[in-house]
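Residue numbers (our numbering), protein chains in the order written: chain A, 55 to 397; chain B, 55 to 397; chain C, 55 to 397; chain D, 55 to 397.
No wet-lab data here; the hints were simulated from the structure. Be aware that a few hints might be false.
For identical chains, the list gives no copy identity; a pair is met inside one copy or between any two copies.
In silico lysine-lysine, DSS-like type, Cα no more than 25 angstroms apart, as pairs [claimed, not checked]:
#	residue 1	residue 2
1	LYS217	LYS194
2	LYS385	LYS81
3	LYS194	LYS111
4	LYS95	LYS302
5	LYS302	LYS281
6	LYS242	LYS81
7	LYS122	LYS308
Here the structure is a predicted model, which means the values were calculated and not measured.
Okay, here's what each chain looks like letter by letter:
Number of protein chains: 4
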Amino acid sequence: MAFKIGIMGASGYTGAELIRLLALHPKIEIKILTGERQAGKNIGEVFSHLGGLNLPKLCRMEEVAWDKLDGVFCCLPHGNAQLVIRDLPSQLKIVDLSADYRIKDPALYEQIYGHAHVAPQLQKEAIYGLTEHYRVSVAKARIVANPGCYPTAAELPLWPLLKARLIDPNQIIIDAASGMSGAGRDPKLGTIFSEVSENFSAYGISNHRHAPEIEQELSLAAGQEIKISFTPHLVPMIRGILATIYVKMGSGVKIDDLRQTLMSAYQEESFVRIVPQPPSTKDVKGSNFCHISLHEDRREGSAIIVSAIDNLIKGASGQAIQNFNVMMGWKEHLGLQTLSFAP
Amino acid sequence: MAFKIGIMGASGYTGAELIRLLALHPKIEIKILTGERQAGKNIGEVFSHLGGLNLPKLCRMEEVAWDKLDGVFCCLPHGNAQLVIRDLPSQLKIVDLSADYRIKDPALYEQIYGHAHVAPQLQKEAIYGLTEHYRVSVAKARIVANPGCYPTAAELPLWPLLKARLIDPNQIIIDAASGMSGAGRDPKLGTIFSEVSENFSAYGISNHRHAPEIEQELSLAAGQEIKISFTPHLVPMIRGILATIYVKMGSGVKIDDLRQTLMSAYQEESFVRIVPQPPSTKDVKGSNFCHISLHEDRREGSAIIVSAIDNLIKGASGQAIQNFNVMMGWKEHLGLQTLSFAP
Amino acid sequence: MAFKIGIMGASGYTGAELIRLLALHPKIEIKILTGERQAGKNIGEVFSHLGGLNLPKLCRMEEVAWDKLDGVFCCLPHGNAQLVIRDLPSQLKIVDLSADYRIKDPALYEQIYGHAHVAPQLQKEAIYGLTEHYRVSVAKARIVANPGCYPTAAELPLWPLLKARLIDPNQIIIDAASGMSGAGRDPKLGTIFSEVSENFSAYGISNHRHAPEIEQELSLAAGQEIKISFTPHLVPMIRGILATIYVKMGSGVKIDDLRQTLMSAYQEESFVRIVPQPPSTKDVKGSNFCHISLHEDRREGSAIIVSAIDNLIKGASGQAIQNFNVMMGWKEHLGLQTLSFAP
Amino acid sequence: MAFKIGIMGASGYTGAELIRLLALHPKIEIKILTGERQAGKNIGEVFSHLGGLNLPKLCRMEEVAWDKLDGVFCCLPHGNAQLVIRDLPSQLKIVDLSADYRIKDPALYEQIYGHAHVAPQLQKEAIYGLTEHYRVSVAKARIVANPGCYPTAAELPLWPLLKARLIDPNQIIIDAASGMSGAGRDPKLGTIFSEVSENFSAYGISNHRHAPEIEQELSLAAGQEIKISFTPHLVPMIRGILATIYVKMGSGVKIDDLRQTLMSAYQEESFVRIVPQPPSTKDVKGSNFCHISLHEDRREGSAIIVSAIDNLIKGASGQAIQNFNVMMGWKEHLGLQTLSFAP
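The task is simple: from the sequences and hints, build the whole structure.
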């Protein structure tokens, strides 16, 4: 029997991607799609590529009969998500794709977002859902805070290396680039085609909100508080994140030690692959994979790591489904058997 | 009276860009265009956007009457350029856009390119043409080795900082990204639209041939031999290079010290601007400008520098003209007064 | 038990797309992949997005044990395909994705391609595989000539209208545009990113080889020999074909008559949808769908029809699988349940 | 002495393009830039590629001292432009880039735009500024209504053919495609990168507002009222319009008659070229050129015409400057000597 879920905030890109993927999930039935501004419309009117699906109309949050649902994917904007989730009935399994429940330290949260969290108790309860790192906790969780896209690309390679004390935690530089779907579907000057196409730029230098999220996780792995360099860039493409990461290896550590550590850490994983050549975003487009490569630097003792994900899948909706599968005790790849989509 | 020049290897992108820019140069007349495979064609048959110009047909190198020329821009491929230039008559002013005469150390050259240089005497004579750094020498030069595109973007910000001993020469990381015109006009699997579009990737990690060129120049500035990290990336756009550079500041040095140093170094320059916001490649597309911004890092004592150029102009043909103007004692911006081209 | 198939010429885009789709086909096992120039390589070395699949290495045609196979998809270039197929053992079910067996009239074939067909008997035997129009014949066929991409987009809307005598067969104008994957994976000047991006152009005006293929089919539908106008264009995108078709309606015929006729013709079809708004190529990207809309013209008595397909799926590999499913008596959508891929 | 002009509505793409081009105009000085929402800003804050220019800050319309100006380029939105222009002092030369003064018939205007024109007297006075067709009138005009982008691309080839009675005025089909800058700079869902990239679509079928403008002009040329088919499409590129036009030739007329007529009509023109191969939008990107080619159709007696312009230059700001030069009695190409910009 199908498990009934709702998608809150289904009119954005992560919502659309959840619908696209869940439509082929063998154990899930989509019963509710909310979208305040688009309420009353068929999803095919909002996303023409989803026109052929047999799905409920978009409705307002207040119309939802929560007790008819078993689980919820929350794609609401930051700030709004914490409010909605606070008031959901406790029988629901929840995966929150916003940033609201990712930061564990209330003081840090307030500093980054400029306001106190409205549900500090849930903030504490929520499990950070980088599935490969927190699978056991995710399996028992009621609320999972799905990681950000940049953090997923950065933490997958760095976490095992810091755990193994192979790299200097104070000299980590993450230079990353994202496709435009990461900026969402709300039209802004900075996202229109004539501004974005034929352009490449850095943004949010040193103050992007994903930096503290990455630092939280890497500090946990390193066992000490650390700061990173993090510079995101915008690429004139729709999907994909590539992180080029510069690290200093510990004394006597070789690039092969890093490689072996990552291969061991992820050898049982379905969705993480250590590859010999630098991956490109197209290698993983349309899939839940993260590809990682390791390279010697010209400067002795340093190394360069490249990781690639599809920001809408492993960086958002795919990992949300992966987490949900774990929460339910299902096989982790249900609904995620897609191959990469190229050319 | 117009100065007569030839363009060797005019059927590639740097050749086309020279033609486009020189067509508006008030003191230069294009008398010769060579292209071995396209000899006999009008340039408009090779580049349809240049169809309306009154120019000589493409010819073979062996057909050129060198004594009718005053100067030459050489856009031949690496390896070939050194041979051709070796045999040119000595009255010609030469700007070589290839990599052949950039590396000064014969042993290093041989190591990078796998063969001895055919004209070591000229290799020694040629002046490295990053105009802003070598203007005095360029003014007296007979042969100028025009810098690479990545090196131009990296050296403009780093050279004055190293000269002033403000940053640690052993901790320089240059993460750069280029548009596809940098890969030239010869069709290759890696440059076709269906492979490039919707893709972002790193390449040549740690072994790109521009790395030793950058190291040569930064070592000269620093007064000591240094190694850098250098990772180039491919962006699905035609033009532009963005370099995001991570540096460690010396003890007590502040970000404003870096900024002041760059502003002083380039205050008299027409083509280098220190800008407050991170520049994007589109800000400089179609122009000979280099825009540079400086930013505090999250890690205390570190800084992030972003520089942007048009790889075909300041990174190639524009700087070649700038050098030629200096060699001739003309105003440096002749033929280069183009504004950036957007949207 | 799985049905064993081979893909001849698997190193091009239609081959890659067959692999991607067949990997999820419940009744087919890929046993052979040929690629003369890439023989000996894993498919993941040729297409990095297919790296994770468990597939045979690419081999040469001469190494294939044909008697171990039940069926073959032939993605060889035109001219070569007819030779290879002529010599295949007769127990094999064959879908040919080249143009070799599409034209029925030997004289017309010779005129278009400049040489006589090498297998005129098979040319006669082969069934033209626009599945929706020839399903009964395809079901009994040994060799299916899979239609071209432009012909599929044009014939699906026009065939039923001509059959029903609703439009003037002598006034059909097909203005079509294709993504660059239609030009194949072999690098050519005309397909490199720097030439294609930021460009839109017409090509093959009046003499594209798909024009006689369309005329053959529309003449059969109309019951009289007809000529069409056909102008293809190149769009700076990877996938998709959009055909904008201008027709003159018969006396007294209304746009609703056209719409009703198409809705009736395709009401039982899984892959053809008559939609109210003009479809975009993105609506069908990644799927086997053809979307068709109908519109009144400003000129009374005329109508405008828009149809959209993914050139690599319904325009090539998807329709090939659809045909193969019909040849085998399987459900037609096996392996083709993909949703459209957006954004 | 420089002629002082203002640009009303300078914060959109046609305003930016006017600034970029006029910055190199030898006889014009930009004294006023208006932008209601951006008043007080430097133009470099609104368009980073224009950052280096020495220009007045953006101001509100009400702040303008009109008597200090000699001329005005009006880039205000439709509806607003007619109001502003109505109230301008009569000594000003005005080029209006909006659609407000293009339609001559007040009843037709009201029907298209849903409201009566506020300045019917000026509507009558204004000269339609397709420079090549109305040069004599433009030279004497006080107000010029600058043509739309699609109309420019369509009317340049069709006008002389209709004048010469070589084609059937009732069988003209204009299939056109535009880059995204034609949709303006205001962010809309339909113009964001993730929706536009990798997509091609038709829009405004049969009811685009440029259709009546084209019909007005072609009717004047034909000497009879005519209706056309007109279907615009959106291309994932920034600049460029390509029109593919299908016509029926009169009895006995040959394609060479069409070609000769166009060559004669435009032989003295600087900006219109009849070219042998189908032009691409990139051939004219960055220039004021219109390239036109003519082709035999497969259907006897029919012909296909392709024309290409840069929508922001010959389709808007370039033609506006061309008109202004004519109004002033200056050489027509002042400020417009730009070559095409490629790759």
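Taking the hints in turn, this is what the structure says about them:
Proximity of LYS217 and LYS194 under a CA criterion of 25 angstroms is satisfied intra-copy only: 23 angstroms inside one chain copy versus 58 angstroms between copies. For the homomeric pair LYS385 and LYS81, the shortest alpha-carbon distances inside one copy (11 angstroms) and between copies (23 angstroms) are both at most 25 angstroms. When the C-alpha separation of LYS194 and LYS111 is checked against a cutoff of 25 angstroms, the pair qualifies neither within a copy, at 32 angstroms, nor between copies, at 43 angstroms. Taking CA atoms no more than 25 angstroms apart as the test, LYS95 paired with LYS302 passes in neither setting, with 53 angstroms inside one copy and 35 angstroms between copies.
In this homomeric assembly, LYS302 and LYS281 come within 25 angstroms of each other (Cα to Cα) both inside a single copy, at 14 angstroms, and across copies, at 14 angstroms. In the homo-oligomer, the alpha carbons of LYS242 and LYS81 never lie at most 25 angstroms apart, since the shortest distance is 37 angstroms inside one protomer and 37 angstroms across protomers. Taking identical chains as interchangeable, the C-alpha atoms of LYS122 and LYS308 are never at most 25 angstroms apart, the minima being 55 angstroms within one chain and 48 angstroms between chains.
In terms of the numbered hints stated before, the structure departs from hints 3, 4, 6 and 7, listed from lowest to highest.
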